[in-house]
Amino acid sequence: DAGVIQSPRHEVTEMGQEVTLRCKPISGHNSLFWYRQTMMRGLELLIYFNNNVPIDDSGMPEDRFSAKMPNASFSTLKIQPSEPRDSAVYFCASSNRGSNTEAFFGQGTRLTVV
Amino acid sequence: SQQGEEDPQALSIQEGENATMNCSYKTSINNLQWYRQNSGRGLVHLILIRSNEREKHSGRLRVTLDTSKKSSSLLITASRAADTASYFCATDAGHGNKLVFGAGTILRVKS
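Chains E and X supply the protein sequences, listed in that same order.
The first sequence: position 11 = 26 (the numbering used here), numbered continuously.
The second sequence: position 33 = 49 (the numbering used here), numbered continuously.
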């Protein structure tokens with residue numbers, strides 16, 4: 016397996032534009048996580064899914080953020096409209112559901128909103 | 017809010033020395049994990065210790081867990097320059113597979 020695949024790797028957009036980040040989890044994994052990493056706030060859990068169902072979205076900062084998982088092999092994180100403070104590295108990770116399991120991370124998407 | 021907090025925030029040592037990083041957490045857990053992140057890359061899983069375990073080894077890594085103090089430590093023995101990275105602890109916060117990370121320790125190993 017190629018691991019967790021995220022796209023794009025880098026995204027530069029203007030304030031107010033819609034941004035869509037994409038993630039393909041490892042085949043067979045049934046849990047998927049979206050994290051945001053910044054120097055100031057560290058690694059924050061935004062939302063996670065089990066079997067394509069959102070379980071906990073309490074980390075989603077605002078209504079401008081939304082995430083979907085239409086099937087077991089694809090998820091999106093959308094920011095609309097984007098703001099400069101959304102600039103960060105966004106990571107997607109997947110794992111097999113259940114305790115005592117490790118998460119596998121993608122390489123991240125570096126988002127810059129100007 | 018973050019579940020785990022690591023200390024020190026940064027650590028600089030000479031190659032060959034041991035590096036110890038600590039993690040404290042707030043709620044009960046099922047397990048605690050340690051991850052490593054090289055600059056500009058995603059996190060990579062190092063080791064997992066269950067709440068009923070007190071110590072675990074993997075190569076040059078040794079992890080301890082004290083659930084009464086809600087703390088864990090990661091020891092890297094005989095460090096190498098290639099160990100230079102950020103190290104994070106993560107807990108499930110007692111919620112199955114929900115993974116919450118601490119702020120991390122930046123380790124620099126000088127050759």
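Please note that a few of the clues may not be correct.
Straight-line C-alpha distance at most 20 Å; calculated DMTMM-like pairs for lysine to aspartate or glutamate [claimed, not checked]:
id	chain 1	residue 1	chain 2	residue 2
1	X	86	X	33
2	E	83	E	29
3	E	93	E	59
4	X	42	X	21
5	E	39	E	77
6	X	72	E	59
7	E	39	E	98
8	X	114	E	117
9	X	114	E	29
10	X	86	E	33
11	X	86	X	99
12	X	85	X	99
13	X	42	E	29
14	X	42	X	99
15	E	93	E	117
16	E	93	E	29
17	X	126	X	21
18	X	114	E	33
19	X	42	E	59
Read the hints as simulated data drawn from the structure, not as lab findings.
Do the hints match the structure? See the list:
Restraint check for residue 86 of chain X and residue 33 of chain X: the C-alpha separation of about 27 Å exceeds 20 Å, so the hint is violated. For a cut-off of 20 Å, the pair hint linking residue 83 of chain E to residue 29 of chain E is broken: about 23 Å separates their Cα positions. Between the alpha carbons of residue 93 of chain E and residue 59 of chain E the distance comes to roughly 16 Å, so the proposed pair stays at or under 20 Å and holds. Between residue 42 of chain X and residue 21 of chain X the alpha-carbon distance is near 9 Å, which keeps this suggested pair within the 20 Å criterion.
Straight-line distance between C-alpha atoms of residue 39 of chain E and residue 77 of chain E comes to about 24 Å, which puts the hinted pair past the 20 Å bound. Annotation: proposed proximity of residue 72 of chain X to residue 59 of chain E is violated, straight-line Cα distance about 27 Å (limit 20 Å). Among the hinted pairs, residue 39 of chain E with residue 98 of chain E is inconsistent with the structure: their alpha-carbon atoms are about 25 Å apart, more than 20 Å. Distance hint between residue 114 of chain X and residue 117 of chain E is fulfilled; the C-alpha atoms sit about 11 Å from each other, no more than 20 Å.
The suggested pairing of residue 114 of chain X with residue 29 of chain E is violated, with an alpha-carbon distance near 33 Å, which exceeds 20 Å. Note on residue 86 of chain X and residue 33 of chain E: the hinted pairing is violated, with a Cα-Cα distance of about 42 Å set against a maximum of 20 Å. A threshold of 20 Å between alpha carbons decides the hint, and for residue 86 of chain X with residue 99 of chain X the separation of about 26 Å lies outside it, so the pair is violated. Restraint check for residue 85 of chain X and residue 99 of chain X: the C-alpha separation of about 28 Å exceeds 20 Å, so the hint is violated.
Taking the CA atoms of residue 42 of chain X and residue 29 of chain E, the gap is near 39 Å; set against the 20 Å cutoff, the hint is violated. Restraint check: the Cα-Cα separation between residue 42 of chain X and residue 99 of chain X comes to about 28 Å, which exceeds 20 Å; the hinted pair is violated. For the hint linking residue 93 of chain E to residue 117 of chain E, the alpha-carbon distance of about 26 Å lies beyond 20 Å, and the restraint is violated. With a C-alpha separation of about 15 Å, the suggested pairing of residue 93 of chain E with residue 29 of chain E holds against the 20 Å cut-off.
Distance check on the hinted pair: residue 126 of chain X and residue 21 of chain X sit about 25 Å apart at the alpha-carbon level, beyond 20 Å; violated. For a cut-off of 20 Å, the pair hint linking residue 114 of chain X to residue 33 of chain E is broken: about 28 Å separates their Cα positions. Between the alpha carbons of residue 42 of chain X and residue 59 of chain E the distance comes to roughly 16 Å, so the proposed pair stays at or under 20 Å and holds.
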